[in-house]
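A.B. asks: With our numbering applied, the sequence shown corresponds to residues 1 to 471, in that order.
Keep in mind that the hints were calculated from the coordinates and are not lab data.
Hints are all accurate, no fakes.
The calculated lysine to any residue pairs, modelled on SDA-like cross-linking and capped at a C-alpha distance of 20 Å, are:
(1) 271 <-> 301
(2) 271 <-> 381
(3) 117 <-> 18
(4) 308 <-> 259
(5) 345 <-> 303
(6) 366 <-> 219
(7) 366 <-> 248
(8) 335 <-> 319
It should be emphasised that the depicted structure is a prediction, and the values quoted were computed from it without experimental measurement.
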Amino acid sequence: MSADWARVRQAVESEWDSTIVPAISAYIEVPNQSPQFDPEWATNGLQERAFGILIDWMKAQGVQGLTYEYLTAEGRTPFLLVEIAGTVPTKNTVLMYGHMDKQPPLRPWAEGLDPHKAVVLQDKLYGRGGADDGYALFGAITAVSSLQRNGISHGRIVVAIEAGEESGSPDLDYYMERCKERIGNVDLMVCLDSGSMNYTQLWLTTSLRGIAIGELTVQTLTESMHSGVAGGVVPDTFRIVRILLDRIENCKTGEVTIPEAHCEIPLSASKAAEAMTAVPFKEQFSMAPGVSTVPGDNVELSIQNFWKPSLTVTGANLPDPQNAGNVIRTHTTVKLSMRLPPLVKAEAALQAMKRILEADPPYGAKVTFKCVSAGNGCAAPELKPWLHNALHEGSIGAFGNTYACQGMGGAIPFIGMLIDMYPSAQFVVTGLLGPQSNAHGPNEFLHIPYAKGLTFSIARIVAAHFDNTPK
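Work out the full structure, taking the sequences as your base and the hints as a guide.
C.D. replies: Printed below as a string of C-alpha cells:
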C-alpha cells in the first residue's frame, strides 16, 4: 500500500498547531542562555528547566520504541540523547542534531515583543531561541510520529540535543564519544540548525565557511603623550594598524590577499549559486538608507559569501569618544575575524595572518598577533540519487516547489567534526532561519508555516532512508 502523504502532512500541521507552538512558547520564556553568556548556567537551573519542557512534550507524543537519557557531567552542559527503534531493525542509523541553548536577549525589541515572551503575529512565533534552535527536537520527533501514525516504516533514529552550541559546542565531542556505541553506524545525518533563503521551498546547506580569530596589538610608546606634543613625530598606533591590515586585505575592494585563505571553488558550488537569481539575496541585509552592497549580482555575491574569505574588525580597545582625550595612546589592539572558504585549513590561514602581520613592523613598532581560535569549514558529500529524490518530493509536497542548495557564510564547526566522524554518511543540513528571522538579534521569529513544511520534508527523508538502508 502506498503512503498517504497528504495525511502525514495533516498530522504534522495538526501537531504544530495543537502542541508544538504552545510548548515552544513555554520554552521561549525560559532565559537559558548559552554558558558563554551566563556565568551561573551551572547553578541557576535554567538549562534543566528548558530541557524539562522539551522532554515533557516528547514523552506525551507516545512514539513507539522511544527511549531517552538526560546526560550530565561535572563542569559540562547537559545533553539529551533520544533513541527510536526502527519499524524493522536496520543496520544503520539516522542521526538528527539540534541545540536548545540561547543567545543573549539583545534588547530593545519592537513594541509588544520581548526575547522571553512568546508572541504569535501573522504566522510568526516571536521570541529568543524558537527558530535557533529550540524547534529541533519538536521537528525531529514529529517527523517520526507522523510516519508511525500513518503506518509508514522508518529505520533506527537517534536525536541528539546539546546545550552549548552558541558557545562553540565545547562539550559536543565529549558526549558524541561517550555515546558513540549507542549512536551506532550513521548513514544519514540531519542537522536542524541552518537556514533558508525564502519560505517557499526546502533549502539544503551544502557548505559552511570556516573562521580564524586573532588579536592584533601595535605599541609605540611606554606611556601615552599629549597629541600636540608628540603628534607628527610619534607614529599613531591606529595608523600602523591600518597599514598592517592592508597587507592582508585590499581596503578598496575587501578582497583578502592571503593565499592560504583561498581555495578552488568547485563547479558544483558555482552551479548551485545560480539558485540565488530567484531569491532576494541582497534584501536580507539591513542596509542603511542610500548604502549599497559591494558590487555584484546575487550569484556573484553569494559566491563571495559562501566560497571566498572576508575580514571583519569585531572589536578594538579604543576609548569611548565622549571620554577620549587629546593623546597619542601607547598601543592599539583590534580583534580580527576572518571567514574562510569551506575547504581552507583554518589553522594554516591563522598562522599566515600572524606571519604576515608581525613581519617587518613599520617604524620598528612592537607588533604582536595573538592567535585566538581557528575552526575549519566544510562541504557536504554529493547527494545520492535516493536522497535527491526524497528532498525533491518533500519540498514539492510541502511547498509546491523543488528544493534548492545554498552555502552559508557563517561557521558551524561541529558540522565539519560530524563529517569527519561519519565520512560515509549523507548529510542534510537545513533549518528555519529564513529572511528577517533575525537569529541572535532583536525580534527573532519562527515562521510557523515553514516549520510545518520543513517537518513534513524531514518525514519524507526519514521514510526514504528506510527504503535505502541495509536491514
